[in-house]
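Novice: Sequence:
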Amino acid sequence: MSVIVTKNVHKNAFLSPFSYLASPRNKTLHDRDPEKVLYLVEPRGFCKGVDRAIKTVEECLRVYGAPVYVKHEIVHNEAVCNRLREKGAIFIEDLNLVPEGAVLVFSAHGVSPEVKNLAQSRKLLTIDATCPLVNKVHVYVSNKAKEGYKIILIGHKNHVETIGTFGEAPESCTIVETAADVETLNFDPDEKLFYVTQTTLSVDDCKDIVTALKSRFPNIESIPSGSICYATTNRQGAVSQICPSVELVLIVGSTQSSNANRLVEVALKRNTRALLISGPEMVDDKVLDGAKNIAISASASTPPDVTMSVVNKLASDPFNFKIENFTAMQERVPNWRLPRYVY
1 MSVIVTKNVH KNAFLSPFSY LASPRNKTLH DRDPEKVLYL VEPRGFCKGV
51 DRAIKTVEEC LRVYGAPVYV KHEIVHNEAV CNRLREKGAI FIEDLNLVPE
101 GAVLVFSAHG VSPEVKNLAQ SRKLLTIDAT CPLVNKVHVY VSNKAKEGYK
151 IILIGHKNHV ETIGTFGEAP ESCTIVETAA DVETLNFDPD EKLFYVTQTT
201 LSVDDCKDIV TALKSRFPNI ESIPSGSICY ATTNRQGAVS QICPSVELVL
251 IVGSTQSSNA NRLVEVALKR NTRALLISGP EMVDDKVLDG AKNIAISASA
301 STPPDVTMSV VNKLASDPFN FKIENFTAMQ ERVPNWRLPR YVY
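full-length UniProt numbering numbers the first residue of the sequence shown as 1 and each following residue consecutively.
In short, the hints are calculated from the structure, not lab data.
As the structure is a prediction and not an experimental result, all values here were calculated from the model.
Each residue gets a CB set at the ideal place from its N, CA and C atoms; glycine is no exception.
Among these hints, one or two may not hold up.
[Stated by the list, open to error] Calculated pairs, DSBU-like style, for lysine-lysine (alpha carbon to alpha carbon, straight line, at most 35 Å):
hint: 1; residue 1: LYS157; residue 2: LYS87
hint: 2; residue 1: LYS322; residue 2: LYS286
hint: 3; residue 1: LYS116; residue 2: LYS157
hint: 4; residue 1: LYS192; residue 2: LYS207
hint: 5; residue 1: LYS207; residue 2: LYS292
hint: 6; residue 1: LYS192; residue 2: LYS136
hint: 7; residue 1: LYS313; residue 2: LYS292
hint: 8; residue 1: LYS322; residue 2: LYS55
hint: 9; residue 1: LYS55; residue 2: LYS157
hint: 10; residue 1: LYS207; residue 2: LYS55
hint: 11; residue 1: LYS313; residue 2: LYS286
hint: 12; residue 1: LYS207; residue 2: LYS146
hint: 13; residue 1: LYS157; residue 2: LYS192
hint: 14; residue 1: LYS36; residue 2: LYS286
[Said to hold, decoys possible] Label pairs and their calculated CB-CB ranges:
hint: 15; residue 1: GLU281; residue 2: GLU191; range: 51 to 57 Å
hint: 16; residue 1: LEU125; residue 2: GLY279; range: 33 to 39 Å
hint: 17; residue 1: GLU100; residue 2: TRP336; range: 28 to 34 Å
hint: 18; residue 1: GLU281; residue 2: ARG85; range: 18 to 24 Å
hint: 19; residue 1: LEU125; residue 2: GLU86; range: 18 to 24 Å
hint: 20; residue 1: ARG122; residue 2: LEU338; range: 19 to 25 Å
hint: 21; residue 1: GLY65; residue 2: PRO224; range: 40 to 46 Å
Use the sequences and the hints to build the structure in full.
Specialist: Written out as C-alpha coordinates, the structure is:
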(Lines of atoms letter the chains of each structure in order from A and count residues from 1; the text may use other names and numbers.)
(Lines give C-alpha, C1' and ligand atoms only; values in the text may rest on other atoms or scores of the structure.)
Protein backbone atom coordinates (compact mmCIF):
# COMPACT_ATOMS: atom_id res chain seq x y z
CA MET A 1 0.00 0.00 0.00
CA SER A 2 1.36 3.43 -0.84
CA VAL A 3 1.12 6.30 1.57
CA ILE A 4 -1.35 9.06 0.76
CA VAL A 5 0.12 12.55 1.00
CA THR A 6 -2.19 15.55 0.92
CA LYS A 7 -0.93 19.10 1.34
CA ASN A 8 -2.59 22.41 2.13
CA VAL A 9 -5.90 20.81 2.97
CA HIS A 10 -6.72 23.33 5.69
CA LYS A 11 -6.20 26.93 4.59
CA ASN A 12 -5.70 28.12 8.19
CA ALA A 13 -3.40 25.25 9.18
CA PHE A 14 -0.25 25.71 11.26
CA LEU A 15 3.01 23.63 10.82
CA SER A 16 4.13 21.42 13.71
CA PRO A 17 7.83 21.51 14.65
CA PHE A 18 7.61 17.92 15.89
CA SER A 19 8.19 15.53 12.97
CA TYR A 20 10.05 12.32 13.71
CA LEU A 21 10.79 8.97 12.12
CA ALA A 22 11.54 5.90 14.17
CA SER A 23 15.14 4.75 14.27
CA PRO A 24 15.15 1.03 13.38
CA ARG A 25 16.68 -1.28 15.95
CA ASN A 26 18.78 -4.11 14.48
CA LYS A 27 16.77 -4.18 11.25
CA THR A 28 16.60 -2.00 8.15
CA LEU A 29 13.31 -1.12 6.53
CA HIS A 30 14.05 -3.76 3.87
CA ASP A 31 14.26 -6.48 6.55
CA ARG A 32 10.76 -5.81 7.79
CA ASP A 33 7.54 -7.46 6.75
CA PRO A 34 6.56 -5.49 3.60
CA GLU A 35 2.92 -6.20 4.30
CA LYS A 36 3.00 -4.51 7.72
CA VAL A 37 2.98 -0.71 7.60
CA LEU A 38 2.82 1.81 10.43
CA TYR A 39 1.79 5.29 9.29
CA LEU A 40 3.06 8.24 11.32
CA VAL A 41 0.23 10.73 11.02
CA GLU A 42 1.10 14.42 10.74
CA PRO A 43 0.21 16.74 12.32
CA ARG A 44 0.24 15.03 15.70
CA GLY A 45 1.38 15.65 19.26
CA PHE A 46 2.30 18.89 21.00
CA CYS A 47 0.47 22.04 20.03
CA LYS A 48 1.96 25.48 20.64
CA GLY A 49 -0.28 26.16 23.64
CA VAL A 50 0.90 23.00 25.40
CA ASP A 51 4.54 23.61 24.51
CA ARG A 52 4.26 27.18 25.83
CA ALA A 53 2.61 26.07 29.09
CA ILE A 54 5.25 23.44 29.82
CA LYS A 55 8.08 25.87 29.07
CA THR A 56 6.40 28.39 31.38
CA VAL A 57 6.59 26.00 34.34
CA GLU A 58 10.17 25.02 33.48
CA GLU A 59 11.23 28.67 33.26
CA CYS A 60 9.50 29.49 36.55
CA LEU A 61 11.43 26.67 38.21
CA ARG A 62 14.66 28.01 36.72
CA VAL A 63 14.00 31.65 37.64
CA TYR A 64 12.27 31.30 41.02
CA GLY A 65 13.42 27.85 42.13
CA ALA A 66 11.31 25.03 43.54
CA PRO A 67 8.62 24.72 44.54
CA VAL A 68 6.43 26.27 41.86
CA TYR A 69 2.71 25.68 42.36
CA VAL A 70 0.42 25.01 39.40
CA LYS A 71 -3.36 25.34 39.48
CA HIS A 72 -4.54 22.03 38.02
CA GLU A 73 -2.27 19.80 35.92
CA ILE A 74 -0.44 22.08 33.49
CA VAL A 75 -1.65 19.82 30.65
CA HIS A 76 -3.54 16.53 30.74
CA ASN A 77 -0.65 14.10 30.37
CA GLU A 78 0.86 11.97 33.14
CA ALA A 79 4.35 11.86 31.63
CA VAL A 80 4.55 15.65 31.35
CA CYS A 81 3.29 16.24 34.88
CA ASN A 82 5.52 13.57 36.43
CA ARG A 83 8.60 15.09 34.80
CA LEU A 84 7.68 18.53 36.14
CA ARG A 85 7.01 17.09 39.62
CA GLU A 86 10.54 15.69 39.62
CA LYS A 87 11.83 19.21 38.95
CA GLY A 88 9.81 20.74 41.79
CA ALA A 89 6.36 21.57 40.42
CA ILE A 90 3.41 20.99 42.76
CA PHE A 91 -0.02 20.61 41.16
CA ILE A 92 -2.95 21.74 43.31
CA GLU A 93 -6.66 22.44 43.00
CA ASP A 94 -7.21 24.31 46.28
CA LEU A 95 -5.41 27.66 46.38
CA ASN A 96 -5.56 27.57 50.17
CA LEU A 97 -2.81 24.95 49.98
CA VAL A 98 -0.44 27.48 48.39
CA PRO A 99 1.70 29.43 50.90
CA GLU A 100 1.14 33.18 50.86
CA GLY A 101 3.54 34.91 48.48
CA ALA A 102 4.42 31.73 46.55
CA VAL A 103 4.65 31.39 42.76
CA LEU A 104 1.47 30.06 41.15
CA VAL A 105 1.06 29.14 37.48
CA PHE A 106 -2.38 28.88 35.89
CA SER A 107 -2.61 25.85 33.60
CA ALA A 108 -3.10 25.93 29.83
CA HIS A 109 -6.83 25.30 30.34
CA GLY A 110 -7.47 28.71 31.90
CA VAL A 111 -9.15 29.76 35.14
CA SER A 112 -12.12 31.91 36.12
CA PRO A 113 -11.86 35.50 37.40
CA GLU A 114 -12.86 34.15 40.82
CA VAL A 115 -9.69 32.04 40.93
CA LYS A 116 -7.56 34.99 39.83
CA ASN A 117 -9.08 37.20 42.53
CA LEU A 118 -8.45 34.56 45.20
CA ALA A 119 -4.82 34.26 44.12
CA GLN A 120 -4.45 38.04 44.34
CA SER A 121 -5.98 38.11 47.82
CA ARG A 122 -3.39 35.56 48.95
CA LYS A 123 -0.60 37.74 47.52
CA LEU A 124 0.56 35.01 45.15
CA LEU A 125 2.88 35.76 42.25
CA THR A 126 0.68 34.49 39.43
CA ILE A 127 1.91 33.53 35.98
CA ASP A 128 -0.86 32.86 33.49
CA ALA A 129 0.00 29.98 31.13
CA THR A 130 -3.52 29.86 29.68
CA CYS A 131 -3.41 28.97 25.99
CA PRO A 132 -3.94 32.20 24.02
CA LEU A 133 -6.71 30.50 22.04
CA VAL A 134 -8.53 29.63 25.27
CA ASN A 135 -7.99 33.17 26.49
CA LYS A 136 -9.55 34.47 23.26
CA VAL A 137 -12.75 32.60 24.15
CA HIS A 138 -12.66 34.04 27.69
CA VAL A 139 -12.41 37.58 26.33
CA TYR A 140 -15.34 37.08 23.97
CA VAL A 141 -17.53 35.60 26.73
CA SER A 142 -16.73 38.44 29.11
CA ASN A 143 -17.26 41.18 26.52
CA LYS A 144 -20.44 39.75 25.01
CA ALA A 145 -21.98 39.23 28.44
CA LYS A 146 -21.32 42.90 29.22
CA GLU A 147 -23.05 43.80 25.95
CA GLY A 148 -26.18 41.98 27.11
CA TYR A 149 -25.80 38.73 25.20
CA LYS A 150 -26.77 35.33 26.55
CA ILE A 151 -23.85 32.96 26.03
CA ILE A 152 -24.22 29.34 24.96
CA LEU A 153 -21.05 27.47 25.88
CA ILE A 154 -20.64 24.22 23.95
CA GLY A 155 -18.44 21.91 26.01
CA HIS A 156 -18.13 19.22 28.64
CA LYS A 157 -19.47 20.78 31.84
CA ASN A 158 -16.96 19.03 34.12
CA HIS A 159 -13.90 19.82 32.00
CA VAL A 160 -11.56 22.34 33.61
CA GLU A 161 -11.47 24.53 30.49
CA THR A 162 -15.26 24.78 30.35
CA ILE A 163 -15.40 25.56 34.08
CA GLY A 164 -12.94 28.43 33.62
CA THR A 165 -14.76 29.84 30.59
CA PHE A 166 -18.15 29.58 32.30
CA GLY A 167 -16.71 31.52 35.24
CA GLU A 168 -16.22 34.60 33.05
CA ALA A 169 -19.99 35.23 33.07
CA PRO A 170 -21.86 32.55 35.04
CA GLU A 171 -25.07 34.59 35.15
CA SER A 172 -25.14 34.79 31.34
CA CYS A 173 -23.83 31.34 30.34
CA THR A 174 -25.65 28.11 29.56
CA ILE A 175 -23.61 24.96 28.91
CA VAL A 176 -24.67 22.68 26.06
CA GLU A 177 -23.06 19.25 25.69
CA THR A 178 -25.08 17.62 22.90
CA ALA A 179 -27.35 18.53 20.01
CA ALA A 180 -30.24 17.15 22.07
CA ASP A 181 -29.53 19.77 24.75
CA VAL A 182 -30.33 22.50 22.23
CA GLU A 183 -33.99 21.47 22.27
CA THR A 184 -34.18 22.27 25.99
CA LEU A 185 -32.99 25.87 25.58
CA ASN A 186 -35.57 28.55 26.24
CA PHE A 187 -34.76 32.14 25.27
CA ASP A 188 -36.96 35.11 24.50
CA PRO A 189 -37.35 35.76 20.75
CA ASP A 190 -35.57 39.11 21.02
CA GLU A 191 -32.69 37.77 23.16
CA LYS A 192 -29.20 38.42 21.79
CA LEU A 193 -27.40 35.06 21.63
CA PHE A 194 -23.72 34.21 21.21
CA TYR A 195 -22.09 30.77 21.24
CA VAL A 196 -18.53 29.65 21.94
CA THR A 197 -16.99 26.21 22.31
CA GLN A 198 -14.45 24.37 24.38
CA THR A 199 -11.30 24.42 22.23
CA THR A 200 -10.72 20.64 22.29
CA LEU A 201 -14.13 19.37 21.20
CA SER A 202 -14.89 16.85 18.48
CA VAL A 203 -15.25 18.80 15.24
CA ASP A 204 -17.96 16.32 14.15
CA ASP A 205 -20.02 16.67 17.33
CA CYS A 206 -19.59 20.43 17.46
CA LYS A 207 -20.82 20.76 13.88
CA ASP A 208 -24.02 18.91 14.79
CA ILE A 209 -24.60 21.12 17.84
CA VAL A 210 -23.96 24.33 15.92
CA THR A 211 -26.34 23.19 13.17
CA ALA A 212 -29.03 22.58 15.79
CA LEU A 213 -28.38 26.00 17.37
CA LYS A 214 -28.62 27.85 14.07
CA SER A 215 -31.78 25.96 13.20
CA ARG A 216 -33.49 27.06 16.42
CA PHE A 217 -31.88 30.49 16.68
CA PRO A 218 -31.06 31.76 13.16
CA ASN A 219 -29.65 35.05 14.45
CA ILE A 220 -27.20 33.51 16.91
CA GLU A 221 -23.68 34.95 16.64
CA SER A 222 -20.22 33.52 17.31
CA ILE A 223 -16.49 34.21 17.07
CA PRO A 224 -15.73 34.80 13.36
CA SER A 225 -12.60 32.63 13.46
CA GLY A 226 -14.25 29.91 15.54
CA SER A 227 -13.42 28.54 18.99
CA ILE A 228 -12.00 25.06 18.33
CA CYS A 229 -8.23 25.37 18.20
CA TYR A 230 -6.14 24.77 15.08
CA ALA A 231 -4.37 21.77 16.63
CA THR A 232 -7.64 20.05 17.51
CA THR A 233 -9.04 20.63 14.02
CA ASN A 234 -5.87 19.56 12.22
CA ARG A 235 -5.20 16.43 14.28
CA GLN A 236 -8.78 15.25 13.93
CA GLY A 237 -8.69 15.97 10.20
CA ALA A 238 -5.48 13.99 9.74
CA VAL A 239 -6.86 10.97 11.60
CA SER A 240 -10.04 11.17 9.54
CA GLN A 241 -8.02 11.10 6.30
CA ILE A 242 -5.94 8.06 7.19
CA CYS A 243 -8.85 5.90 8.40
CA PRO A 244 -9.81 4.41 5.00
CA SER A 245 -6.25 3.11 4.56
CA VAL A 246 -5.76 1.32 7.89
CA GLU A 247 -7.29 -1.34 10.11
CA LEU A 248 -6.25 0.20 13.42
CA VAL A 249 -5.55 3.69 14.74
CA LEU A 250 -3.44 4.08 17.88
CA ILE A 251 -3.74 7.37 19.74
CA VAL A 252 -0.98 8.06 22.25
CA GLY A 253 -2.30 10.12 25.14
CA SER A 254 -3.82 10.16 28.60
CA THR A 255 -7.32 9.05 29.48
CA GLN A 256 -8.09 12.44 31.05
CA SER A 257 -7.13 14.30 27.87
CA SER A 258 -10.19 15.59 26.04
CA ASN A 259 -8.46 15.91 22.69
CA ALA A 260 -6.97 12.39 22.98
CA ASN A 261 -10.41 10.89 23.52
CA ARG A 262 -11.84 12.93 20.66
CA LEU A 263 -9.17 11.55 18.29
CA VAL A 264 -10.26 8.02 19.17
CA GLU A 265 -13.87 8.97 18.52
CA VAL A 266 -12.99 10.40 15.09
CA ALA A 267 -11.61 7.02 13.99
CA LEU A 268 -14.44 5.01 15.52
CA LYS A 269 -17.04 7.16 13.75
CA ARG A 270 -15.33 6.23 10.48
CA ASN A 271 -15.66 2.53 11.30
CA THR A 272 -11.96 2.12 12.03
CA ARG A 273 -10.84 0.33 15.18
CA ALA A 274 -9.09 2.78 17.49
CA LEU A 275 -7.41 2.57 20.89
CA LEU A 276 -6.04 5.11 23.35
CA ILE A 277 -2.67 4.06 24.77
CA SER A 278 -0.41 5.86 27.22
CA GLY A 279 2.88 4.30 26.09
CA PRO A 280 4.72 1.30 24.60
CA GLU A 281 3.91 -0.95 27.55
CA MET A 282 0.33 -1.16 26.26
CA VAL A 283 1.33 -2.52 22.84
CA ASP A 284 1.09 -6.29 22.34
CA ASP A 285 -0.32 -8.85 19.92
CA LYS A 286 -3.71 -8.72 21.62
CA VAL A 287 -3.94 -4.96 21.04
CA LEU A 288 -2.87 -5.26 17.40
CA ASP A 289 -5.21 -8.20 16.81
CA GLY A 290 -3.61 -9.08 13.48
CA ALA A 291 -3.74 -5.57 12.01
CA LYS A 292 -1.30 -5.15 9.12
CA ASN A 293 -1.83 -1.46 8.40
CA ILE A 294 -1.77 0.80 11.45
CA ALA A 295 -1.81 4.56 11.93
CA ILE A 296 -0.42 6.33 14.97
CA SER A 297 -1.21 9.83 16.17
CA ALA A 298 -0.95 11.61 19.50
CA SER A 299 -2.90 14.11 21.53
CA ALA A 300 -1.80 17.73 21.71
CA SER A 301 -0.45 17.12 25.23
CA THR A 302 1.63 14.00 24.46
CA PRO A 303 5.44 14.44 24.45
CA PRO A 304 7.08 13.44 21.14
CA ASP A 305 9.44 10.97 22.84
CA VAL A 306 6.52 9.03 24.33
CA THR A 307 4.94 8.66 20.89
CA MET A 308 8.27 7.63 19.38
CA SER A 309 8.79 4.98 22.05
CA VAL A 310 5.60 3.34 20.76
CA VAL A 311 6.77 3.71 17.15
CA ASN A 312 10.16 2.18 17.95
CA LYS A 313 8.53 -0.79 19.65
CA LEU A 314 6.34 -1.46 16.62
CA ALA A 315 9.34 -1.07 14.29
CA SER A 316 11.37 -3.64 16.23
CA ASP A 317 11.14 -7.38 16.94
CA PRO A 318 8.72 -9.09 17.09
CA PHE A 319 6.44 -6.63 15.27
CA ASN A 320 8.77 -5.26 12.55
CA PHE A 321 6.42 -2.75 10.98
CA LYS A 322 7.66 -0.68 8.06
CA ILE A 323 7.43 3.02 8.88
CA GLU A 324 5.89 5.56 6.52
CA ASN A 325 4.90 9.19 6.99
CA PHE A 326 1.35 10.32 6.33
CA THR A 327 1.21 14.11 6.05
CA ALA A 328 -2.40 15.25 5.91
CA MET A 329 -1.65 18.97 5.95
CA GLN A 330 1.06 21.50 6.61
CA GLU A 331 0.82 23.34 9.91
CA ARG A 332 2.04 26.85 10.73
CA VAL A 333 2.85 27.31 14.40
CA PRO A 334 1.88 30.63 16.02
CA ASN A 335 4.75 32.56 17.58
CA TRP A 336 3.53 33.08 21.15
CA ARG A 337 5.83 34.54 23.79
CA LEU A 338 5.96 33.19 27.33
CA PRO A 339 3.75 34.96 29.90
CA ARG A 340 4.84 37.94 31.99
CA TYR A 341 7.45 37.34 34.70
CA VAL A 342 9.15 34.48 32.86
CA TYR A 343 10.81 36.27 29.92
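Novice: Per the hint of 18 to 24 Å, is the separation of the Cβ atoms of LEU125 and GLU86 within bounds?
Specialist: 22 Å, holds
Novice: LYS116 and LYS157: Cα distance at most 35 Å?
Specialist: 20 Å, holds
Novice: Range first: 18 to 24 Å. Now tell me if the beta carbons of GLU281 and ARG85 are that far apart.
Specialist: Holds, at about 20 Å.
Novice: Please test the hint of 19 to 25 Å on the beta carbon pair from ARG122 and LEU338.
Specialist: 23 Å, holds
Novice: Does LYS55 lie within 35 Å of LYS207 when you go C-alpha to C-alpha?
Specialist: It holds: about 33 Å lies between the C-alpha atoms, which stays within 35 Å.
Novice: Within a Cα-Cα threshold of 35 Å, do LYS322 and LYS55 meet the stated pairing?
Specialist: Satisfied, since the Cα-Cα distance of roughly 34 Å is no more than 35 Å.
Novice: Is the straight-line distance between the alpha-carbon of LYS157 and that of LYS87 35 Å or less?
Specialist: This hinted pair holds, its Cα atoms lying about 32 Å apart.
Novice: Does the Cβ pair GLY65, PRO224 satisfy 40 to 46 Å?
Specialist: 43 Å, holds
Novice: Do LEU125 and GLY279 keep their Cβ atoms within the hinted range of 33 to 39 Å?
Specialist: At 35 Å between Cβs, range holds.
Novice: With the threshold set at 35 Å, check whether the alpha-carbon distance from LYS36 to LYS286 stays at or below it.
Specialist: This hinted pair holds, its Cα atoms lying about 16 Å apart.
Novice: Keeping to a limit of 35 Å between CA atoms, is the pair of LYS207 and LYS146 held or broken?
Specialist: 27 Å, holds
Novice: Does LYS292 lie within 35 Å of LYS207 when you go C-alpha to C-alpha?
Specialist: 33 Å, holds
Violation of the numbered hints given earlier is absent; every hint is satisfied by the structure.
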